[in-house]
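Q: Sequence:
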Amino acid sequence: MLTQFSRTIARKASTGVASKRMMSAITGVNAREIIDSRGNPTVEVDITTATGTYTASVPSGASTGAYEAHELRDGGSRYLGKGCLQAVENAKTVLADAVMGIDAADQRAIDEAMIKADGTHNKANVGANAILGISLAASTAGAAAKGIPLWKHYAEVAENPIPETMPVPCFNVINGGEHAGNKLAFQEFFVIPTGAATLSESMEIFCETFHALKGAIKANKFGGDATFFLVVVVVILAVAAASGSIVPGAQCPRGSVWILSKIRQPEA
1 MLTQFSRTIA RKASTGVASK RMMSAITGVN AREIIDSRGN PTVEVDITTA
51 TGTYTASVPS GASTGAYEAH ELRDGGSRYL GKGCLQAVEN AKTVLADAVM
101 GIDAADQRAI DEAMIKADGT HNKANVGANA ILGISLAAST AGAAAKGIPL
151 WKHYAEVAEN PIPETMPVPC FNVINGGEHA GNKLAFQEFF VIPTGAATLS
201 ESMEIFCETF HALKGAIKAN KFGGDATFFL VVVVVILAVA AASGSIVPGA
251 QCPRGSVWIL SKIRQPEA
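Reminder that position 140 of the sequence shown reads as 140 in full-length UniProt numbering, one-by-one numbering, no gaps.
Honestly, the hints are just simulated from the structure, not real lab data.
This structure is a prediction, so every number in the text was calculated from the model and none was measured.
It cannot be assumed that every hint is accurate.
Lysine to aspartate or glutamate pairs mimicking DMTMM-like chemistry, simulated, CA-CA at most 20 Å apart [unchecked claim]:
#1 146 with 159
#2 152 with 111
#3 214 with 188
#4 146 with 111
#5 92 with 188
#6 146 with 46
#7 92 with 74
#8 92 with 68
#9 116 with 106
#10 116 with 103
#11 82 with 68
#12 152 with 106
#13 152 with 103
#14 92 with 112
#15 262 with 188
#16 92 with 103
#17 146 with 188
Using the sequences and the hints given, assemble the complete structure.
A: Put into structure tokens, the structure is as follows:
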């Protein structure tokens, strides 16, 4: 009797898990071309499960390294060669076939299925922008299926032992390379307020540092010690890059790091 009762409970639990998986199984994939904040095309994807439709768009950097995953562009004259129609088509066909029916909460299975469908080391066949769009939308669907916030879903996927630790924000204050149109070897110089107790305090530290940096550069307060720069510091003029940070006319990263090290927060 007890054994039969235990089997009944086990069967009900198993049925419940299977039912949840059916509810979160991917039943549809759609994709479209949209325009990003730089005025360039990118990919947006919808993932549909029994509980709803979940959407994500793909970020696109100003520069792509030789060893990064391949971002598929159409070439030709349309959008100066930056169209994403082929990546969109790949998301709706090849990749949709690969992920259809997989539990949206099983992020690893989804990503592995798409990588297998692509068949290259750098995602060159179907495009990393097509793969990432589906992956991001699926993760949103997966979090909804589990009834938890997206950040907690990512923490579980990453097997993070301390999932509720607030990350420290990184603030970009100086830009170089493709982000700025200069010859500075490093693209980004970050201020990371590790001593801040809250996100609000982190933002306060960054804003004070950023404005102090702009003011010091405009006033040319660094004198002869700033000879790391190949251009006089005052030439910087606190020009804003596409990301909102400062664009120096210098080429030497040491100079930018040196100036950042000299900036102090205003005293209370």
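Q: It remains to establish, for every hint, whether it holds in the given structure.
A: Now the hints, each set against the structure:
As the CA atoms of residue 146 and residue 159 are separated by approximately 15 Å, the hinted pair is consistent with the 20 Å bound. Restraint check for residue 152 and residue 111: satisfied, since their Cα atoms lie roughly 18 Å apart, inside the 20 Å limit. Taking the CA atoms of residue 214 and residue 188, the gap is near 16 Å; set against the 20 Å cutoff, the hint holds. Restraint check for residue 146 and residue 111: satisfied, since their Cα atoms lie roughly 18 Å apart, inside the 20 Å limit.
Distance check on the hinted pair: residue 92 and residue 188 sit about 35 Å apart at the alpha-carbon level, beyond 20 Å; violated. Simply put, residue 146 and residue 46 have alpha-carbon atoms about 18 Å apart, close enough for the 20 Å limit, and the pair holds. For the given pair, residue 92 sits about 16 Å from residue 74 by alpha-carbon distance, which is consistent with the 20 Å threshold. The straight-line distance between the Cα atoms of residue 92 and residue 68 is roughly 23 Å, outside the 20 Å bound, and the hint therefore fails.
Between residue 116 and residue 106, the direct Cα distance comes to roughly 16 Å. Compliance with the 20 Å bound is thereby established for this hinted pair. This hinted pair checks out: residue 116 and residue 103 have alpha carbons roughly 17 Å apart, not beyond 20 Å. Taking the CA atoms of residue 82 and residue 68, the gap is near 17 Å; set against the 20 Å cutoff, the hint holds. With a CA separation close to 14 Å, the supplied pair residue 152 and residue 106 stays within the 20 Å bound.
Restraint check for residue 152 and residue 103: the C-alpha separation of about 17 Å stays at or below 20 Å, so the hint holds. Restraint check: the Cα-Cα separation between residue 92 and residue 112 comes to about 17 Å, which is no more than 20 Å; the hinted pair holds. Between residue 262 and residue 188 the alpha-carbon distance is near 18 Å, which keeps this suggested pair within the 20 Å criterion. For a cut-off of 20 Å, the pair hint linking residue 92 to residue 103 stands: about 18 Å separates their Cα positions.
Only pairs whose Cα atoms come within 20 Å are accepted, and residue 146 paired with residue 188 is rejected, the gap being roughly 37 Å.
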